[in-house]
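Trainee: Each chain is listed here by its residues.
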Amino acid sequence: MRNEMCLEFEAIAVNESLARVAIAAFVAPLNPTLEELSDIKTAVSEAVTNAIIHGYENWQGYDVEKRSVPVKFPIHPGRVTMKCRLEEGYLFVEIGDKGKGIRDIEKAMEPLYTTRPEQNRSGMGFAFMEAFTDDLEVESTPGEGTTVYMKKKMDSGNWIKEA
Amino acid sequence: MEEFKVIDRCLMVRMPEEIDHYKSSYICEETDKRIMRENVDHVVFDFEETRFMDSSGIGILMGRYKKMQFIGGKVLIIHPDKLITRMLHMAGISRYIEIME
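Line by line, the protein sequences give chains R and B.
Okay, so the first sequence: first residue is 1 according to the numbering used here, each after it adds one.
Okay, so the second sequence: first residue is 1 according to the numbering used here, each after it adds one.
Hints are computed from structural coordinates only; laboratory data are not their basis.
Quick caveat: nothing in here was measured; it's all calculated off a predicted structure.
All C-beta atoms, glycine included, are put in the ideal place defined by N, C-alpha and C.
Treat the hints with care, since some could be wrong.
[What the hints assert, rightly or not] These stretches of chain B come out as covered by chain R in the derived footprint (C-beta under 8 Å, 3 or more residues):
(1) 16-25
(2) 57-70
(3) 87-94
Just chain R, with the same shape it has in the complex:
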């Protein structure tokens, strides 16, 4: 049995939780364990946050002059797409943006490496994505955007039996 979903939303911080709720609902028919659900939500949260704050540089709460601005007005317009597919016991998630892209993917994926330590970023985003999924691939072109591909085996696997 398979299923597919595509979601597109504005690159603003409030939508990080939207993405998490959406992916949780998407995998719900598989009856995942709490741990699996937490893994998936964390990985998605990391990828979406990266797209928003690095891809589009939509730093929540601040505009370019460091004045506080309401979160509901994006500073840079842009959209994040999240494509999800369930197939043969695997979950595939693809999170893409058309932001500034990553120049050095290997460097970006190093644990604890962050371009924004002053913004309280831990540099653990990609490390968490890697730890919480079974496969992670990153495609990026500077100036054009970034797409993250994640694959996770859903151990519970079985769809809830149709009575």
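Chain R is fixed; fit chain B onto it per the hints.
Mentor: Structure of chain B alone, referenced to chain R:
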């Protein structure tokens, strides 16, 4: 219930149900403001109500840890659930910050 409270020069921070980048800047700012203003010796982050945290939470904790080290104070984590504890260990936080389950 208050989110921030100073008891005996100890700043208690009640963490929200979900800690992500959206919530993190508010927590960082408010915590730092109180560390500066209220002369606190230690900071305690209470995860009692927290059910989700991503790397933004690690950023909050490490940032506050560095700040408190500078002042000579400690950072403590209390009441993390199983999943949060797993996350903290994975990030290596337990090497720097005491976790009380």
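Trainee: Hints the structure violates: just list their numbers, smallest first.
Mentor: As far as the earlier hints go, not one is violated by this structure.
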